[in-house]
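Undergrad: Residues per chain, in single letters:
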Amino acid sequence: MKRYFAVLLGVLTAIGGFVDIGDLVTNAQVGARFGLSLAWVVVVGVIGICVFAEMSGRIAAVSGRATFDLVRERLGPRMGFLNLVGSMLVTLLTFIAEIGGIALALQLVSSVNHVLLVPFVAALVWIVLWRAKFSAIENVLGLLGLTLIGFAVALWQLGPDWGELAAGLSPAEKPGAESWAAYAYFAVALFGAAMTPYEVFFFSSGGVEERWTPKDLGVMRANVLIGFPLGGLLSISIAACATVVLMPEGIAVETLGQVGLPVAVALGKVGLAVVVLGFFAATFGAACETGLSTGYSLAQYFGFQWGKYVRTREAAGFHVILLVVTVLAAGVLLTGVDPIMVTEMSVIFSAVALPLTYFPILVVANDPDYLGEHRNGRFANLLGMVYLVIIVVAALAAVPLIIATSMGQG
Amino acid sequence: MMSAWRTTAVVVCFLAWVLAVASGCSLVGQPDVAAWDQKARQAVTDAASEVATARLAVETARDDRTWSSYTTVVVAQAEEAMGTVQDDVSRLQVPPGRAQDADDLEALLDAASSAVQDARQHAVAGEHDDRDLLDRLDRVGERLTRAETRW
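Chains Y and Z, in that order, are what the protein sequence lines are.
Using my numbering, you'd call the opening residue of the first sequence number 4 and step up by one each time.
Using my numbering, you'd call the opening residue of the second sequence number 82 and step up by one each time.
Bound-form chain Z, shown alone:
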């Protein structure tokens, strides 16, 4: 029985190590340009996904194909995920020569976040029939799609 417990302890320690590695428990390092570019690209892709989610949710609600709480939950979760994307980017150390890019990225993510926040406010208020909101989400979505090829 003792040996069985030893086996269990080894398995548990191994799983803990795997979880630690998988969740990003690593040493803090100076990000190089390529790493920053890769993270910027990922942030833009993630933001584009959240904007597209909000847009699809608002559009289906406008067509009376979802009920209010469903739309609100989907858009609110997109807004929350947008916040996570912005937080992750704000924690990145900008490498030399990338200050302007970092400002542009921050501005783009702010615009995306603001559009999704607007969508959530409309969803909570039950105002789904707003063409301006859909146009705004479209414009931000197009900017994000263009930005995906920049980095």
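This is chain Y alone, in the form it adopts within the complex:
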């Protein structure tokens, strides 16, 4: 019974924890501009994050060692360092976006400018990172993030023409006014939003912290293979709500408030309040995950003590990193930079950095010296290689598309 509860809890937190500020904003933007013609990218991205997270989780459970530690050992310090720099830059950008997202969510209920809220939000995030238990962060915020199911309920309540909505799933249904370059830019952005590297680092480092063993592989796979796809359905619900309500009005999404408007139309104040709670929980949970991921990455690479299960005094370096990145994120946001713009940059640069983080995991997951009988099988390798190609193509296309479309405007 306890085991079933663990699986259920893991799946629920994986669903609630799947969506972050990048998913919220990008899916709503895409839904309002392209309808559901890009929903296939969410499916591709969700399968990709399942492949990536399953390999990382398996490495953590079998070897009992952290990702960056293994990557540096297996591929050498140079490749390890490149991996570290790529993932750190993107994770830091995502951390800034998430803290901004929490402030934007609080602004919607307080009407206090988000810049004024940033110092308090940053302090709260740091206190939670410092004091709260790992399981509390994962479970409480993951479960609260489930309130974003409000988008699926809102979609049902809006009563769209389901046949018409389903017909819009084809890429051929791209609105004529939108260019293929803009379509491709948002395809890469959606892919980057679904496959953010921090999710995998957090997941596998959490596995090491919780001392997973090969016996835990079943629970880990259930969390990944059930939780993430259901989280992907939440993403598609957000896009579909924007398609039904915002697209006919010609509204382009630039703020978090616009993302929630379809829920207000469908469900009124109560539904909107539930979804805004979801905004807060999803961004707060992701801020904790990205903050911890930066600490994990640096500590694992440089080989000093890390983790939430280690006493603060023994993992002082790890906690100093958490403090420094939180202050840095708050400092960037206090310049008045738009958190939504930071979010847009973080999802597209996630795609750029993905090969640096994905390739080493694929190599280690194939190494019998580390994984023995649990190394990638034929099917896992086929999927792994297909996704390596997709990830490299997305990474190579990202920068030219940023320039050609002025970050998706043209």
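Think of the hints as simulated: they come from the structure by calculation, not from any bench.
Yeah, the Cβ is synthetic: ideal placement off N, Cα and C, and Gly gets one too.
Some clues are possibly wrong.
[Claimed, not checked] Anything over 10 Å on all C-beta distances counts as not near chain Y; from chain Z, calculated: (1) 115; (2) 136; (3) 146; (4) 220; (5) 232.
[What the hints assert, rightly or not] Derived lysine to aspartate or glutamate pairs resembling DMTMM-like cross-links, with alpha carbons at most 20 Å apart: (6) Z/120 to Z/169; (7) Y/272 to Z/208; (8) Y/272 to Z/145; (9) Y/272 to Z/140.
Dock chain Z against chain Y, hints included.
TA: Just chain Z now, with coordinates in the frame of chain Y:
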């Protein structure tokens, strides 16, 4: 380790270059007619989006489907974005033969901005049940939609 730092420096410089290009760090040039038309069309589309956002926010508030601070924030952000659209257009150099079009565009954006500002004032005052305001936003929205096909 030195070589790792060199790699990092190259990656950081590359990212800085990408950011500079993406944020529009380019040489100032004389805009041609086609470029001006494209920017005018984009400004009208953006303005139409802000007007529609304000209208939807006010309408949901009138139906008691949002709370006051939510409506105020959404409409205030639409107003701020309208200001950015106007600023961007005011910085465009008008090409020869487009002076009248530029005046028309400025007048249209002024009307849109004024309607959204009005919506924000109503939202702050908690006056959501004003049919005249919704009609005004509708009229400006229709003018903007018509103007989208002009350039």
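Undergrad: Now, for every hint given, state plainly whether the structure supports it.
TA: Hint-by-hint comparison with the structure:
1. Even its closest Cβ contact with chain Y, about 13 Å, leaves residue 115 of chain Z beyond 10 Å, as expected for a residue assigned away from the interface.
2. In this structure residue 136 of chain Z is not separated from chain Y by more than 10 Å, as the shortest Cβ-Cβ distance comes to only about 8 Å.
3. Separation of residue 146 of chain Z from chain Y is inadequate, the least Cβ-Cβ distance of about 4 Å not exceeding the 10 Å criterion.
4. No Cβ of chain Y comes within 10 Å of the Cβ of residue 220 of chain Z; the nearest lies about 15 Å off, and the non-interface call holds.
5. Every CB of chain Y is more than 10 Å from the CB of residue 232 of chain Z (nearest about 13 Å), matching its label as outside the interface.
6. With a CA separation close to 9 Å, the supplied pair residue 120 of chain Z and residue 169 of chain Z stays within the 20 Å bound.
7. Straight-line distance between C-alpha atoms of residue 272 of chain Y and residue 208 of chain Z comes to about 17 Å, which keeps the hinted pair within the 20 Å bound.
8. Taken as a hint, the residue 272 of chain Y and residue 145 of chain Z pair is honoured in the structure, with Cα atoms around 7 Å apart against an allowance of 20 Å.
9. Between residue 272 of chain Y and residue 140 of chain Z, the direct Cα distance comes to roughly 13 Å. Compliance with the 20 Å bound is thereby established for this hinted pair.
The structure is inconsistent with the numbered hints 2, 3, although it conforms to all the rest.
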